[in-house]
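Here are the chains, one letter per residue:
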Amino acid sequence: MEPFEVSLSLPVVAPLLDVVKELADGLKQTLASKPAVPESDAVFRDLWSQELLSAQNEDVTALLSLFNEEFFTEGVVAFDHTNAEAITRACSAIRLRLRERYLAALGDEALEIGEVELAQLDAQTRKAFMCYLFLATIQELIIQHLDESIIES
Amino acid sequence: MGDTKTHTLPSHQVTAQLQPESVWRVVVLNDPVNLMSYVVMIFKKVLGFDETTARRHMLEVHEQGRSVVWSGLREKAEAYTFTLQQWHLSAILESDGAV
Chain A
1 MEPFEVSLSL PVVAPLLDVV KELADGLKQT LASKPAVPES DAVFRDLWSQ
51 ELLSAQNEDV TALLSLFNEE FFTEGVVAFD HTNAEAITRA CSAIRLRLRE
101 RYLAALGDEA LEIGEVELAQ LDAQTRKAFM CYLFLATIQE LIIQHLDESI
151 IES
Chain B
1 MGDTKTHTLP SHQVTAQLQP ESVWRVVVLN DPVNLMSYVV MIFKKVLGFD
51 ETTARRHMLE VHEQGRSVVW SGLREKAEAY TFTLQQWHLS AILESDGAV
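These protein sequence lines map, in sequence, to chains A and B. Heads up: the first sequence begins at 1 in our numbering, then just goes up one per residue. Heads up: the second sequence begins at 1 in our numbering, then just goes up one per residue.
Be aware that one or more of the hints could be misleading.
Chain A regions said to be covered by chain B (calculated; three or more residues, Cβ under 8 Å) [to be verified]:
(1) 45-55
(2) 91-103
(3) 106-113
(4) 137-148
The hints are simulated quantities; they were obtained by calculation from the structure and are not laboratory data. Model, not experiment: these values are computed from the prediction. Ideal Cβ placement from N, Cα and C applies to all residues, glycine included.
From just these sequences and the hints, can you work out the full model?
Spelled out as structure tokens, the structure:
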């Protein structure tokens, strides 16, 4: 994958980072979704979950490191082969948590097709939904660079 | 010249029966959060599917709520399940219960 940079609108994205950081903090301790562990042995189950949590933490750290000094001065974020997959997974983790924490009332169908009347949402839900869309956009940008054929088709 | 002793097998037959291994299925369940393009990418990357197969399984998950994406021995099925869960897909393991 060729490295690439994306210019983001600071006034739009910066407020969303509060939501991202808040949820990222919660993801340090718990998995974004409860995994179905295929084993009844408690030690094995703990190990399975701990490994997932450790991987999740690394991914979320990669996402947060996108929003560094360069981002806050120039509005630019950079992707390359060292961070792209981790960031895509972290976006998924935070989107799952957004749904659970803030967006459950919108209903799964509305979330799936993305058709939500923003004007009818309260401020907190609107911000969470904007964050949900922003992270999906990041994912699509990365997927497009990782595998063009997927987005084109 | 020494005695030649012959040994005979016991009259009953010993049969070794191999217990059939269970077939384990890796099943991906639908969720309303993960993008279709994301799921296709994961199926290609993790399971080695080509574009058409990945897309077919993604649509099966989306429309029928689940898709069996791999089946075989338990150890490998567990590894696939774990990796899919790392990508935050709802992956579960099912057995045909042969063992």
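Verdict on chain B covering the region 106-113 of chain A, where coverage means 3 or more residues with a C-beta closer than 8 Å: holds (count 4)
Three-residue Cβ test at 8 Å for the coverage of the region 45-55 of chain A by chain B: Result for this restraint: holds, n = 4.
Outcome, coverage hint (the region 137-148 of chain A, chain B; C-beta under 8 Å; three residues): With 5 residues close enough to chain B, the hint holds.
Within 8 Å of chain B's CB atoms, at least three CB atoms from the region 91-103 of chain A: coverage verdict: holds (count 5)
Checked against the numbered hints given earlier, this structure breaks none of them.
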